[in-house]
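K.L.:
Sequence:
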Amino acid sequence: MKRLSTGVLAVAMALALGLDAVAAPSHGVPAGNIGNRTVAQATSTAPPDFGSPPSGEVPILFNYHHVYAKPDTLRKGRVLAALVRNGTILVPLRAMFEQMGATVKYDPATKKIDVSKPGADIQLEVGKPEVTINGETRPLDVPPMLYKGVVVVPVRVVSEAMGAYVKWVDSAREVSIRYVPPTPPPTPAPVESATPAPEATIPPTPTPAPSAAPSKEAFVAGDYLISPKVYNEFSPGNSGKSSYAIRGAIEFDAFNLPWMLEGVFNSYQYPHNCAGAGDPQCLVTTIGQTGQTSVPAFTARDQDASLRFGLKVADPHVYVGVGYLNRTGNYGYPNQKGFGFGAEKLPDFNQQLSLYGNVWYYPNLKGNYTAPGGTPYTLEYNLLQYQVGLDYLIGNGPIFLDLGLQGDRGNNKLNAPSNFTHNGAYVGLGIKF
131 MKRLSTGVLA VAMALALGLD AVAAPSHGVP AGNIGNRTVA QATSTAPPDF
181 GSPPSGEVPI LFNYHHVYAK PDTLRKGRVL AALVRNGTIL VPLRAMFEQM
231 GATVKYDPAT KKIDVSKPGA DIQLEVGKPE VTINGETRPL DVPPMLYKGV
281 VVVPVRVVSE AMGAYVKWVD SAREVSIRYV PPTPPPTPAP VESATPAPEA
331 TIPPTPTPAP SAAPSKEAFV AGDYLISPKV YNEFSPGNSG KSSYAIRGAI
381 EFDAFNLPWM LEGVFNSYQY PHNCAGAGDP QCLVTTIGQT GQTSVPAFTA
431 RDQDASLRFG LKVADPHVYV GVGYLNRTGN YGYPNQKGFG FGAEKLPDFN
481 QQLSLYGNVW YYPNLKGNYT APGGTPYTLE YNLLQYQVGL DYLIGNGPIF
531 LDLGLQGDRG NNKLNAPSNF THNGAYVGLG IKF
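For the sequence shown, the numbering used here assigns the number 131 to the initial residue and increments by one for each residue that follows.
One should not assume that every hint holds.
[To be verified] Lysine-lysine pairs mimicking DSS-like chemistry, simulated, CA-CA at most 27 Å apart:
1. LYS475 - LYS562
2. LYS562 - LYS543
3. LYS346 - LYS241
4. LYS258 - LYS235
5. LYS258 - LYS247
6. LYS359 - LYS543
7. LYS496 - LYS359
8. LYS346 - LYS359
9. LYS475 - LYS346
10. LYS496 - LYS467
11. LYS278 - LYS241
12. LYS562 - LYS442
13. LYS346 - LYS467
14. LYS442 - LYS467
Please keep in mind that the hints were generated in silico from the structure rather than gathered at the bench.
With the sequences and hints as input, model every part of the structure.
P.N.:
Okay, here's the thing in structure tokens:
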């Protein structure tokens with residue numbers, strides 16, 4: 131057996147049982163030697179005499195000093211006495227095992243207990259007859275319990291898991307718990323050696339500075355279209371005033387992917403020039419291309435509104451996606467609607483001057499029309515839209531100058547009087563957020 135030094139922490143609990151039914155614990159702390167280990171004598175020096183325990187109280191030998199406390203009483207400088215339940219000795223959780231250098235945690239809400247120290251982790255639960263030691267679960271004859279607000283646990287299973295050993299001394303009617311704190315290995319003495327030759331110092335490879343993540347852009351811009359030219363059944367290339375465009379976009383992340391949402395509105399105004407009855411310029415091909423009719427002079431307006439949703443495929447701010455477009459006019463044609471797809475390069479406001487552009491294709495814009503004679507028609511186009519431009523940030527503020535070229539081309543797919551195009555330059559202002 132290993133000899134214990136005078137620095138050993140000894141905790142001996144003498145149980146004044148007084149009942150013949152419990153002459154010695156039969157579970158948890160059995161009578162006789164444990165693993166052929168013996169109990170070292172406490173000390174040759176008589177400990178201070180604190181008197182004899184009153185009748186019915188339980189004596190405790192704690193750090194070689196006698197102190198006394200009833201099991202239902204906690205007093206300053208004293209330790210709750212041990213209890214016996216169904217032949218198993220239970221000891222106060224915190225008072226005992228913090229003396230062994232363990233960390234004790236108790237959660238009143240879940241009634242779970244965790245006692246841990248390097249190399250050992252014990253988990254119990256008040257009222258649950260099992261213990262988990264380093265991940266291995268074992269049954270208990272008596273579960274941990276609450277006694278007068280103090281958690282008490284079986285002495286043997288927790289003590290031996292902490293590295294202590296336990297012995298029941300039948301003749302003395304006491305339990306002896308011995309614990310030897312682990313001794314750290316001695317620090318080796320420094321060994322003198324010849325001074326090594328200095329090694330050549332190799333400078334570390336410089337770590338490249340992390341590149342700045344692309345910003346998330348959000349903006350809106352309004353532009354004046356500078357005399358855009360229009361070709362269709364009403365205009366052989368006329369241009370007019372009061373044409374404009376509005377667009378706005380926002381970038382965001384969703385499902386761990388970068389996305390874009392953009393809205394665009396274009397309004398083209400142009401004249402249908404006609405001198406009156408008999409002027410060939412007044413003749414316009416009808417829907418369905420069934421003939422021509424005379425249309426007096428008027429100011430025409432073509433408008434389209436689209437919503438675009440894209441996924442980023444390259445930096446900075448390059449997207450592919452899908453769109454939905456609604457096209458209208460003021461000359462009696464039905465609205466034409468349809469889905470499409472395209473690519474978009476948004477401006478990069480990390481720079482003073484930024485290039486942007488887009489191409490979107492709508493393969494099937496259509497609307498239903500009933501001619502004055504009652505004949506129904508479906509009017510269909512395919513439409514290509516395009517734009518290229520520059521944004522220039524004014525100073526360090528959020529305002530930017532917007533300029534570029536934009537246009538579209540619609541081809542007859544079904545019953546359209548003719549193809550059409552709009553194109554022209556623009557200039558305007560925008561604000562970034």
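K.L.:
State for each hint whether it applies.
P.N.:
We went through each hint and held it up to the structure:
1. LYS475 - LYS562: holds (16 Å)
2. LYS562 - LYS543: violated (39 Å)
3. LYS346 - LYS241: violated (50 Å)
4. LYS258 - LYS235: holds (17 Å)
5. LYS258 - LYS247: holds (22 Å)
6. LYS359 - LYS543: holds (22 Å)
7. LYS496 - LYS359: Holds - the C-alpha atoms of LYS359 and LYS496 are around 24 Å apart, at most 27 Å.
8. LYS346 - LYS359: Not OK: LYS346 and LYS359 at ~35 Å, beyond 27 Å, violated.
9. LYS475 - LYS346: holds (13 Å)
10. LYS496 - LYS467: holds (6 Å)
11. LYS278 - LYS241: holds (15 Å)
12. LYS562 - LYS442: Judged against 27 Å, a Cα distance of about 19 Å means the pair holds.
13. LYS346 - LYS467: violated (31 Å)
14. LYS442 - LYS467: Satisfied, since the Cα-Cα distance of roughly 26 Å is no more than 27 Å.
When each numbered hint is compared with the structure, violations occur for hints 2, 3, 8, 13.
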